[in-house]
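Visitor: If you want the building blocks of each chain, they are given just below.
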Amino acid sequence: MNLNPFWSMSTNTSRKPRSDNEEQSGHGEQRASPARMPFGRKQLPPIPKNAAPITKPSPMGTPIQSANGTHASYGPFYLEYSLLAEFTLVIKQKLPGIYVQPSYKSALMWFGVIFIRHGLYQDGVFKFTVYIPDNYPDGECPKLVFDIPVFHPLVDPVSGELDVRRAFTKWRRNHNHIWQVLMYARTVFYKINTTDPLNPEAAVLYEKDVQLFKSKVVDSVKLCNSHLFDQPKIDDPYAISFSPWNPAVHEEAKDRMFTYKRRPEDHHKASQASGLSWVKPGSTQPFSKEDNPPQS
Amino acid sequence: MCDPVTMMASVVASGNRDGQSLVLKGVDPETCMIVFKNHWAQVVKILEKHDPLRSSSALSSLSVINLTAGSSGSSRFGPIPGDEANAVQNYVEHMLFLLMEEESGQAGAMGPILEFVVMENVMERLFVWSLRREFTDDMKLEQLKMYEMLVGQARQPLLHHKPILRPLMMLLSSCSSTTAPAVEAELVLLLNQLCYVLAKDPSILELFFHTSEDQGATNFLIFSLLIPFIHREGTVGQQARDALLLIMSLSAENERVAKHIAENTFFCPVLATGLSGLYSSLPTKLEVPNEEWHCLHKEDWLQMPSLIQFLNSLEFCNAVIQVAHPDIRDQLVSYIYNGFLVPVLAPALHKVTLEEVMTTTAYLDLFLRSVTEPALLQTFLSFILLHRHENVHILDTLVSRINTPFQLGIVSLALFRTLIGLYCEDVMLQLVLRYLIPCNHMMLSQRRVVRERDCYSASAAKILALTPSCCSPDRSPPPLRQLDSILFSKGGETPDNSGNTEEEMSFSEENDGSGNSCTIGSEIYLDVSYLHYLYDARLSISSCIRACRVWSAPYDGEDPPPEKYQPGVLEEPGLTSRHPQIALKKAQHPFASQAGSCVLSGTDPLPVNQLELEWDDSYDACPVQTADAPAESRPPPPPPAEPPKHIQEMRRTARMLVKGSYIEENDFQDDVMVYDLIAKKDSGNVERTSKPSSSQTEETKPGSADIPLKNGLNLTLPGSAIVDNSRNSLDAKANGQTDCNANLQNTTAVALGDDLLAQYEELIRTLDPEAGGKQVKADREVKKPITPVEVVEEDEMDFASFSAETPEPEKLHSPFGTINRFRSGSATKNHSLPFTGPFISVLLSRLENMLSNSLHVNLLLTGILAQLAAYPQPLLRSFLLNTNLVFQPTVRSLYQVLAIVKNQIEELAASKKDFTELITAAQHCLMAREPSFIETDKSGGSSGSNHHEGGRILKNSPPPKPKAISLERTEVFATILFTEFLKELAAIAQEHSILSYIPMEE
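Chains as they are written, first to last, in full-length UniProt numbering: chain A, 1 to 296; chain B, 1 to 1002.
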């Protein structure tokens, strides 16, 4: 069982958006993760089993005053929902070539992958992880770390961390959102910036010897892509992992992707089931529709 | 050759219909044919022997067919000896059995026996034979059974053949006036079977029409015969309704059937007036089992036969509307509106005593929960939303009653829970949304905030911060709370790792070397119940979002545009014309429009405001209206109009219902006569010399002649104002508030145009003199008309003082201020003064008194508010849940009221030493109630809402209760409920921040 019912909430909540994501990135994502089904189905446990042993008097050790200044007990709920809200914003943005999903274990850690479709880094497929500070949204800007340090002036050649902070010097709640970080991560591969580099070598080469820079980039892209099928760096049921095309596994998902478009109409009809309305569009008078009873 | 036949005889005689096919299996069809012919020859012998024509009497031709028992016919020719009659009977049984068992010939051709039957006109001659004898009930029964067997069990289609169909129709028509229960039962059974045959093979339908059409009448006898049984109890009624439903679904396919039913029969009026009749026999006062009681659950109404019967008929209407042709549907819906809701239910909702009104409200709630068909629901809803009774919208009256301190208040709340649970745009528009559309309730700069999303759960946090300190999860948790805590911790360090060691291990090493950590918080104990609230909130919001997809607009502060619908624009327009278009649409039902225009043109419109004040604040302020104005001040009523045709029809129908045996007077009688004529003519043909005789017509006529043409109806009741000035008849329970309640009842009826209604009511009352008597008496009391003039002026002055620039100080925005007196909706309604509508006002004012409300009132109240809060429309959501939205000073928000209640609780807790202890006791008490709550909820299966009160109470099972606490301690229970309600609202706010922004799929 899930240790922490909290996560199962988030799992549950973000399921729909994620499945949308999966279908977009049909060829990429590992679908056969054995952990997937049981976790995905999870609902709120009626009473968490693991709560029973913990009936010892609560060590009210660090009553966290959350950023909102209210009850400590609810702080984690606020954080959780803030992150979920961020995630739904990401989905709404439909960022080209970027896919993310929160980890199974913590809503503060998101797995992602970015596909570069043209430019110097064309054909690059870079996996990354986003780390969100636990005092979000009042803390620092989230971190974005590539699994393999890409050769890029703004990417740390050792840790793989992207210099996000230059774009978000001060993280402002309500103004800054995680999708902007992801967007930024995409932009850096199309528009190279060399000031204050984390990788001075790359910066210098880009300025002085673009040809060499380009070939280094090509090597780096090749390197990244050669590790594409590696096991995910972080062991997590929701970590993004790639596998070679296998019709038995992927064909069905692909088909579903391509038939997806037709479905909305179908359940548009089905969804008429419960609600009622006889208001003519554009009117605020009840029973203003010309043809009264909408027949099912 | 005799063997199979004797066997058959015994089978028929014993009524055993099983295994017959086995009996004849293997018997040579030719043999059967020979037997059949033999029997027929024997029968014919007897028939001819007693044939008056053959006996060559000169007088005989006068009455071949003699239906009238004991009339001259039989005596003239002498009785038929019993042994001969029996012999015929025996032969016939055998013959029928052979016919029944015969397979059809090749390629659907007639089998030889059937062919013989058709050629020889066997059935008709047998029918005539039975007419020849005394046509007693026994005889009818015998014949009906005969056909019932044939129709039900024949192996080849028989009804396509006129020589079989025609005598059947004659038989049916001759049974039309029957009253013997046994005959009725058999008749309905046969009709039911015929309908099944029709449903299977609609081609026969044409034949049913044609048989009569040949004779110049268009009729559908089967249908007409079933109508009187619509409202019957028991099996007969059920079979009749089943049969009618079959015809209704036929009508959906068959234009002609639909047209006939809608235009030539009284099906729809009978159904609708029947509802009225059945309603009048319902108890006018319900025995309320306990104070908690707020709506009629199944186990309640199962104890009430009259209510069961009413619901059966309502369910039948529902079913008819579901399957019937649109013409029939529209007609029925219109009759229900004009024949039941307006003339019966509306006055019932305005009866004299609180108990009666409460009872009607509970009925209405039950009806709304029972109706499923959108068209019928629409009828009920447009009645509630748009109909004005005595110039006040039913809705306004119902809303104002929420604030009554009696059982009526609780029952009204339950009704609104049902209404809100319908997810109906029209309802929500009238109740709440139309007051929010102009966006006047907030500061202008705030409009953009309406659609803003609460990304960081700021509103939830603010709501939860209102948790009273005595209930805070942080401080001195009650022993219960620990059970409800879960550990929210850094992954791997949890003590319990049974079952998922692997994950925890991996989780604890999730540091990826870069020093990044991703744990949320440290060890904190969380309130598990909050997870349940989140889960429930998720369910209710997503189902609400799904349901609201059919709505016409998002109500997000932009669509509909606020500028376009400023108050005054939004208020009244179209109200007059909006009157049920269902009725107006149909030219054939002029009643509604006529009544409507009477009201408009005939009298000065009464001051709406005065009337709408009904029951608002009635228990703390009693502005008694005087009703002493001279009667002359009223404009003289125009002369009463000729009752519309529609009403005359209704009256006639109702009259026939009164009589107990419904007969469609003209058409139907025509039909019967046609069949008589056929019978005579045909028998004449067969017998060569028969002359038309009037015997059968005489037989059927008395039935119609008995119908009283005058039923004490006075068509020329003067249209005068009636004031239901019955302050003396108030119930003892309302003693303390007598004058207030009298005031409530002190409304003016516009009786002009009502006289039609009055007559109709009268009629309905005559159906049940006992129940109606009182009402009649009440109405007959001399009533003093009241002059509206004075009131109008008073109100206008009142309005003038309500200018926007000078808001009354006590209404100023102050979350912790003194209790604002609830302002009745009508006072502000017509002004641009920001106002969120009477419904919200009344809910908030009841919420403000939470501490003195009983537990059940609070459960209902918070349930309704939670359900409202689950609606996804940004206007509503932001109004109820967004704590950052800045409202106009005069607008009260949910948050403000919650803050007031919190303050009250804090004061209380500070002043009472044992408050914490009481709370613990009350928590135990509530949790002990939980299981019973859930059971009631299941078995009741009642409300359309998915909200169950049990859900708000902590789910863990408690240790044995330490101390009993009386439910009288409302403030203690309210405190607990308040705390839970905060969680519920916060959970809803949080889920909104996610759900309302996800493009919904599946």
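Rather than coming from a laboratory, the hints here were simulated on the basis of the structure.
Where hints are given, some of them may not hold.
Coverage of chain B stretches by chain A, computed from C-beta distances (three or more under 8 Å per stretch; other residues unrestricted) [to be verified]: (1) 366-380; (2) 425-431; (3) 535-547; (4) 552-562.
Beta-carbon label-pair distances, calculated as ranges [stated by the list, open to error]: (5) B:A107 <-> A:F258: 48 to 54 Å; (6) B:Q238 <-> A:R256: 47 to 53 Å; (7) A:P96 <-> B:S852: 41 to 47 Å; (8) B:V449 <-> A:F168: 23 to 29 Å; (9) B:A199 <-> A:P281: 53 to 59 Å; (10) B:P554 <-> A:R117: 33 to 39 Å; (11) B:D556 <-> A:D196: 41 to 47 Å; (12) A:S283 <-> B:K912: 52 to 58 Å; (13) B:D559 <-> A:V158: 38 to 44 Å; (14) A:G119 <-> B:V449: 39 to 45 Å; (15) A:S283 <-> B:R969: 45 to 51 Å; (16) A:R117 <-> B:D556: 31 to 37 Å.
As the structure is a prediction and not an experimental result, all values here were calculated from the model.
Ideal Cβ positions, reconstructed from N, Cα and C, are used throughout, including at glycine.
Visitor: With reference to the structure, classify each hint as holding or not holding.
Guide: Do the hints match the structure? See the list:
1. 366-380: Per the Cβ count (5), the hint holds.
2. 425-431: holds (count 5)
3. 535-547: It holds: at least three residues are needed, and the region 535-547 of chain B offers 5 whose Cβ sits within less than 8 Å of chain A.
4. 552-562: holds (count 3)
5. B:A107 <-> A:F258: 48 to 54 Å: holds, 52 Å
6. B:Q238 <-> A:R256: 47 to 53 Å: holds, 49 Å
7. A:P96 <-> B:S852: 41 to 47 Å: violated, 60 Å
8. B:V449 <-> A:F168: 23 to 29 Å: holds, 25 Å
9. B:A199 <-> A:P281: 53 to 59 Å: Violated, since B:A199 and A:P281 (Cβ atoms, about 39 Å apart) do not stay within the stated range.
10. B:P554 <-> A:R117: 33 to 39 Å: Since the Cβ atoms of B:P554 and A:R117 sit about 35 Å apart, the hinted range of 33 to 39 Å holds.
11. B:D556 <-> A:D196: 41 to 47 Å: holds, 44 Å
12. A:S283 <-> B:K912: 52 to 58 Å: Because 54 Å falls inside the window, the suggested range holds.
13. B:D559 <-> A:V158: 38 to 44 Å: violated, 53 Å
14. A:G119 <-> B:V449: 39 to 45 Å: 40 Å Cβ-Cβ, so the 39 to 45 Å window holds.
15. A:S283 <-> B:R969: 45 to 51 Å: holds, 49 Å
16. A:R117 <-> B:D556: 31 to 37 Å: At roughly 36 Å between Cβ atoms, B:D556 and A:R117 fall inside 31 to 37 Å, so the hint holds.
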